[in-house]
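Engineer: Listed below, chain by chain, are the residues.
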Amino acid sequence: MSSVQPIVARATPLGEGAIAIVRLSGSGVFEITDQLFFPDRGGLFSTVPERTMSIGRLVDGDRSLDHPLAVRFQAPRSYTGEDMVELHLHGNPLIVDSTLQLFLRKGCRLAEPGEFSRRAFLNGKMDLAQAEGLADLIRAESDIALDLAQQQLGGELSRRFSHFRHEIVDFLALIELELDFVQEGYELLDYEKLSSTLQSLLSDIRDLLVSYRTGDLLRRGPRILLLGRPNAGKSSLFNAILGYSRSLVSSQPGTTRDYVEERIFYRGVVLHFLDSAGIRETDDDLEAQGVSFATNLIPLADHVLYLIDSSLPESTLATEDNHFISLSQKYSQSHFLKVYSKQDIGVSIDTAHSVSVFDRLSVEHLLDSLIAQYSTHKTDSLILLTQRQHQKLLAIESFLSSISNVTDTPTELLATDLRAILQPLSELTGAVTNEDILDAVFSGFCIGK
Amino acid sequence: MVRRQYDIIVIGGGHAGIEAASASARMGCLTALITLELETIGRLSCNPAIGGMAKGQLVCEIDAMGGEMAKIADISGIQFKTLGTKKGPAMWSPRSQNDKDLYPFYAQQRLREIQGLDLIEASVEDILIDKGVIKGVRLEKGDFLSCRAVILCAGTFLCGRMYTGEDQTVGGRIEERSAEYLSGSLRNVGFETARLKTGTPPRIHRDSINYSSCEKDFGDENPQPFSRSSKEVQNQIICYTTWTNTQTHQILEQGFDRSPMFTGRISGSGPRYCPSIEDKVFRFADKSGHMLFLEPEGLNTDSVYVNGFSTSLPEDIQAMGLKSIPGLEECKIIRKGYAVEYDYFPPHQLLPSLESRRVGGLFMAGQINGTSGYEEAAAQGLMAGINAVMSFRGENPIILDRSQAYIGVLLDDLSVLSTTEPYRMFTSRAEYRLLLRRDNADIRLTELGGNLGLVEPRQVGRVREKMKLVREGELLLRKLNAQYIGGDGTVWADKAWTLLKRSGVQLTSLVFSDGENLPDSILNDHEVLEQLEIASLYEGYIDRQVREVNQFKEQEEKLIPSEIDYRKIQSLSSEGREKLTKFRPRSLGQASRISGVSRSDLSILMLYIK
Numbered sequence: 001m002s003s004v005q006p007i008v009a010r011a012t013p014l015g016e017g018a019i020a021i022v023r024l025s026g027s028g029v030f031e032i033t034d035q036l037f038f039p040d041r042g043g044l045f046s047t048v049p050e051r052t053m054s055i056g057r058l059v060d061g062d063r064s065l066d067h068p069l070a071v072r073f074q075a076p077r078s079y080t081g082e083d084m085v086e087l088h089l090h091g092n093p094l095i096v097d098s099t100l101q102l103f104l105r106k107g108c109r110l111a112e113p114g115e116f117s118r119r120a121f122l123n124g125k126m127d128l129a130q131a132e133g134l135a136d137l138i139r140a141e142s143d144i145a146l147d148l149a150q151q152q153l154g155g156e157l158s159r160r161f162s163h164f165r166h167e168i169v170d171f172l173a174l175i176e177l178e179l180d181f182v183q184e185g186y187e188l189l190d191y192e193k194l195s196s197t198l199q200s201l202l203s204d205i206r207d208l209l210v211s212y213r214t215g216d217l218l219r220r221g222p223r224i225l226l227l228g229r230p231n232a233g234k235s236s237l238f239n240a241i242l243g244y245s246r247s248l249v250s251s252q253p254g255t256t257r258d259y260v261e262e263r264i265f266y267r268g269v270v271l272h273f274l275d276s277a278g279i280r281e282t283d284d285d286l287e288a289q290g291v292s293f294a295t296n297l298i299p300l301a302d303h304v305l306y307l308i309d310s311s312l313p314e315s316t317l318a319t320e321d322n323h324f325i326s327l328s329q330k331y332s333q334s335h336f337l338k339v340y341s342k343q344d345i346g347v348s349i350d351t352a353h354s355v356s357v358f359d360r361l362s363v364e365h366l367l368d369s370l371i372a373q374y375s376t377h378k379t380d381s382l383i384l385l386t387q388r389q390h391q392k393l394l395a396i397e398s399f400l401s402s403i404s405n406v407t408d409t410p411t412e413l414l415a416t417d418l419r420a421i422l423q424p425l426s427e428l429t430g431a432v433t434n435e436d437i438l439d440a441v442f443s444g445f446c447i448g449k
Numbered sequence: 001m002v003r004r005q006y007d008i009i010v011i012g013g014g015h016a017g018i019e020a021a022s023a024s025a026r027m028g029c030l031t032a033l034i035t036l037e038l039e040t041i042g043r044l045s046c047n048p049a050i051g052g053m054a055k056g057q058l059v060c061e062i063d064a065m066g067g068e069m070a071k072i073a074d075i076s077g078i079q080f081k082t083l084g085t086k087k088g089p090a091m092w093s094p095r096s097q098n099d100k101d102l103y104p105f106y107a108q109q110r111l112r113e114i115q116g117l118d119l120i121e122a123s124v125e126d127i128l129i130d131k132g133v134i135k136g137v138r139l140e141k142g143d144f145l146s147c148r149a150v151i152l153c154a155g156t157f158l159c160g161r162m163y164t165g166e167d168q169t170v171g172g173r174i175e176e177r178s179a180e181y182l183s184g185s186l187r188n189v190g191f192e193t194a195r196l197k198t199g200t201p202p203r204i205h206r207d208s209i210n211y212s213s214c215e216k217d218f219g220d221e222n223p224q225p226f227s228r229s230s231k232e233v234q235n236q237i238i239c240y241t242t243w244t245n246t247q248t249h250q251i252l253e254q255g256f257d258r259s260p261m262f263t264g265r266i267s268g269s270g271p272r273y274c275p276s277i278e279d280k281v282f283r284f285a286d287k288s289g290h291m292l293f294l295e296p297e298g299l300n301t302d303s304v305y306v307n308g309f310s311t312s313l314p315e316d317i318q319a320m321g322l323k324s325i326p327g328l329e330e331c332k333i334i335r336k337g338y339a340v341e342y343d344y345f346p347p348h349q350l351l352p353s354l355e356s357r358r359v360g361g362l363f364m365a366g367q368i369n370g371t372s373g374y375e376e377a378a379a380q381g382l383m384a385g386i387n388a389v390m391s392f393r394g395e396n397p398i399i400l401d402r403s404q405a406y407i408g409v410l411l412d413d414l415s416v417l418s419t420t421e422p423y424r425m426f427t428s429r430a431e432y433r434l435l436l437r438r439d440n441a442d443i444r445l446t447e448l449g450g451n452l453g454l455v456e457p458r459q460v461g462r463v464r465e466k467m468k469l470v471r472e473g474e475l476l477l478r479k480l481n482a483q484y485i486g487g488d489g490t491v492w493a494d495k496a497w498t499l500l501k502r503s504g505v506q507l508t509s510l511v512f513s514d515g516e517n518l519p520d521s522i523l524n525d526h527e528v529l530e531q532l533e534i535a536s537l538y539e540g541y542i543d544r545q546v547r548e549v550n551q552f553k554e555q556e557e558k559l560i561p562s563e564i565d566y567r568k569i570q571s572l573s574s575e576g577r578e579k580l581t582k583f584r585p586r587s588l589g590q591a592s593r594i595s596g597v598s599r600s601d602l603s604i605l606m607l608y609i610k
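For the record, the sequence lines run as chains V and H.
Going by this note's numbering, 4 is the number at position 4 of the first sequence; the sequence numbering is gapless.
Going by this note's numbering, 160 is the number at position 160 of the second sequence; the sequence numbering is gapless.
Simulated from the structure, these hints should not be mistaken for laboratory data.
None of the values given here were measured: they were computed from a predicted structure.
Watch out, some of these pointers could steer you wrong.
What the hints assert, rightly or not - Derived contacts from chain H toward chain V, CB cut-off under 10 Å, selection only:
(1) L83
(2) G88
(3) P89
(4) C159
(5) E431
(6) P457
(7) G461
(8) R462
(9) E548
(10) Q551
(11) I609
What the hints assert, rightly or not - Calculated cross-link-like contacts (lysine-lysine; reagent style BS3-like; alpha-carbon spacing at most 27 Å):
(12) V:K193 / H:K231
(13) V:K106 / H:K231
(14) H:K231 / H:K71
For glycine and all other residues, C-beta sits at the position ideal for the given N, C-alpha and C.
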């Protein structure tokens, strides 16, 4: 079989179910999975018998993502007729997303609409009638996608990118003019303007990416991690929030050794709370595992509430402050919030985030401040991007951030960079051909001898 | 000598015809080149120059494949300049001023030396086609010559009409005839034709120019030839530059009401990148001056080409306009400028091999395909010559792709996208231009030229040896530590390979540590050193382009069967269906380059072409 690019996609519908299936198909999917999935019974995934389920750990670097079931289908005995892998994950959208991202990073590409079926057809797994149905489906899906893009914010998204597309085409025209008509000595490129345009494109894209994360967050509900030294009152707060006793509560430090997740519905927003083990140097092996787990959880959380026991001596409070700062700097992706607990017995600290589990109002204040950014008013301005659009934006972001300094980049390389940006950009706005760029050159400048 | 039977007949002796005839005969086919006048073979109809941006790369590619143009340009060249040297190496483009008498002289001399090639002076009145297959050609006087393939390289001579002001004459080049019947004969068998126009500036007498009012334009201090097989070249002339002014523009405007362009007597589209002076004045009214280049047309001629002043305005206006320009106050016109309008065959009617889709064995190359420029014509001529031979032998055509050569970009653009204005090559047309450089044309193409029998084995061996040295050199440079001392005395120490990435650092300016050095075989080979410097400078970008090329090839390899009926594929968008039906792409990759064919059309198409 000739080499086919590996693709990945979620096979079960979006949303939260008990399990979610992620499918991979194409050349090298076994080798890729071998790097990420480790069967519990040992050995490589690629050597387990085909069409049997094996359980194991799905790992991203030193972080364990999930404990899924995996099945191997050897070509041609698979749906697509290519080598395929199915991963049966726990249905948490976060896990599914992280898994998709992980495989994308390992060289898979997100499948196009209908691509698994198309491959099935190409490999003789489907007859023409089925295929024609599929063609209509692809048409319909892309029409819907187009409508969606045009409807997003009343076409704001495509307008915004069309604008950037035009600007980049105009810059490219100036660059190509300079390159292709070098004898005529045109050097009209305004590097400062180019630099600021690229900056503003980058910041727009970052806004959109944030908006994507927020929109995505809203669908699945933000994850809030409770973090802090042992006995900082994490489990008490956790229980107060849940309104019933879910975690083991005791005054002995280090009782919560694993982590506990619960979901509440608060003023129309779903909030996932994670209660972690306390952060502390410890000899207790089991607890040490829990502690390292707690810091492992930080990248998964959208918010981290760092609890500080306000009844501790002032010097300890200062140390805690420093610890909070260093943690929040280390994990800058999550929002860190400092929360002073035990206000009933500790020094009164007058911030919005001082709580006592015996003071219901103080807990509600905390929750209100957490959901403030997800209030209905703000959701109107959220742009709900599809995962495909999200991928393109990430690609543009990565190209943009690789252009360090436009004035120091040789002109022909700058042109290569701008074309690289145009590629994903044009997939959001419509194609840009060589002819479009030449048109911009010829319509604007008097050239040629 | 005229025989009755040939393997391949080339019609036309311009730059396409020369390459086509040479390649065909040197690959072993009995070939005839038929042209209206033998002594016009290789004439430089327009500017006396070869190469320039992107075109220079084409010339080097033609050379690497074993074509003629680079060698003729080198021996007839009188000033040499590499353009784009302020940019990176992908932009370096050689250009020469050529002697307009020597160029055809050497072209004809080279052709006459080729075994199995007859040069015939005649007008071809008809191409005989039987059931979609070439049978031969009929000459003006009724003679019939049989052949298995025809390469049509008729340039601007098909129903050529020349215009100056209100005068109109029949012909494809001044004082030469036009081929009046050929395009009609092909239209009769179903070929589509359209009109294009191009123009040429007046030539003036060299002794009538006041050079002290102009600026000198010298050749390079260290002039470089186009061809790897040319030893050395010399600058023998100086060019000059001057500027038009608002007074010139006012004078020219007085002739607009008698201009064939503005009065609508010429309907064909002209090139936007090579506008006539009246077009420049009209479209860019706010520009107060346009630069002109005064280029001597040779060593033993009085004629100077006024580059930038292409015009079809009435002769009196041309003369008055020129006299308002610094340095040209007293100038004498030797030959007036004129526009020429001619038939061309929109090139989507061709396969990428330049063989007609309609008639087996009929190849077309050069300006009749809607291109402009000697270099574009020569590149097509070479490929048409090669592929006519392949077709004669019943073998698969040689198709260069967009990642291999500018020649590939050219033929792909023509056959896939067609053209409605005279097509000129630009570096910006090449997606992979960092890979398609003048310096590596031999590495890209010489092996192929050798396999075809167009490049001598010795030259192929030389390129192989060079590639081996480049590989060895790269390994060494990645390993060895070195120092570089900057202009301000700063010392940079790193791996040699890394130091080379700094702009302006040359390999020979590195000081290697621990007494190490590159072997002499590398140090003494400036072509190898150049490859190493460029590879290091462009690293990262080149990797990225190579990755893109791989993806590109995946699409190019997905072939669309030629019998596919797009009307039956209901799910295609209507625009997509219409464009696919018109352009009939051969692969999914080609389909993706046609505007109007959407991504979902491609997905749908993929279903039908397994």
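Engineer: Among all the numbered hints in the text so far, which are the ones the structure does not match?
Structural biologist: 4, 6, 7, 8, 12 and 13
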